[in-house]
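Sequence lines, in order, name chains R and A.
Sequential numbering of the first sequence, starting at 8, is according to the working numbering.
Sequential numbering of the second sequence, starting at 49, is according to the working numbering.
In case anyone wonders, no lab produced these hints; they're calculated from the structure.
Some clues are possibly wrong.
Counterexamples of contact, computed for chain A against chain R with all Cβ distances above 12 Å [as the list claims (entries may be wrong)]:
(1) P56
(2) R59
(3) A130
Here are some of the chain A residues that sit facing chain R, going by a computed Cβ distance under 10 Å [to be verified]:
(4) V60
(5) H77
(6) Y81
(7) P87
(8) Y112
(9) R116
(10) S132
(11) T145
(12) G154
Since this is a predicted model, take the numbers as computed values, not measurements.
We put the beta carbon where it would ideally sit given N, CA and C, even for glycine.
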Amino acid sequence: AQSVTQLGSHVSVSEGALVLLRCNYSSSVPPYLFWYVQYPNQGLQLLLKYTTGATLVKGINGFEAEFKKSETSFHLTKPSAHMSDAAEYFCAGTDSWGKLQFGAGTQVVVTP
Amino acid sequence: NAGVTQTPKFRVLKTGQSMTLLCAQDMNHEYMYWYRQDPGMGLRLIHYSVGEGTTAKGEVPDGYNVSRLKKQNFLLGLESAAPSQTSVYFCASSYDTRAQYGYTFGSGTRLTVV
């Protein structure tokens, strides 16, 4: 069964610094992988997705993620954090039946 | 705007009361899902539907029932609410079974059971 693990439940970054959120998946078959963002009191918004093809995926708001099969990872990065990036971020991957399995989430705090 | 609409947005129930959460989507998606979100646990799938008239259990189905009488609507019912069901509930829909386009989420229902 697919499982998704996010390393670090809370991350604090300074404005302008690199944002790095880690995600690993367990499936032996590369799944479809997603990053979602959740702002306070809102639903989940799709940041980016990996299905097939290019392993470096660019998303909205300057975020990108790289699919590394050898490391079973799909880490999310943004070169320069902005105050508006403060939110909770979820990594998700499809299981054998195509349903999304979510990681526990990483809360990002951006400090001035 | 096209998307997923959940009603109500907030609700407080007393233990033992019942209620129904409504999810409506206008994207003609076949697949619909109900998740609950609890701190530190991400989103866990309660029930899902692969089409009108069909439903299936997810990871945490106990205490919930669902119905999909119309393609655009997916209802989540709590027959006898318990404090453990205090959570934020999200509905989502997807175009295809492999979710290659991801899911579209509603804005959530915050439920408190006292």
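Query raised in the report: Which hints from the list above does the structure break, by number from lowest to highest?
Result: 4, 5, 8, 9, 10
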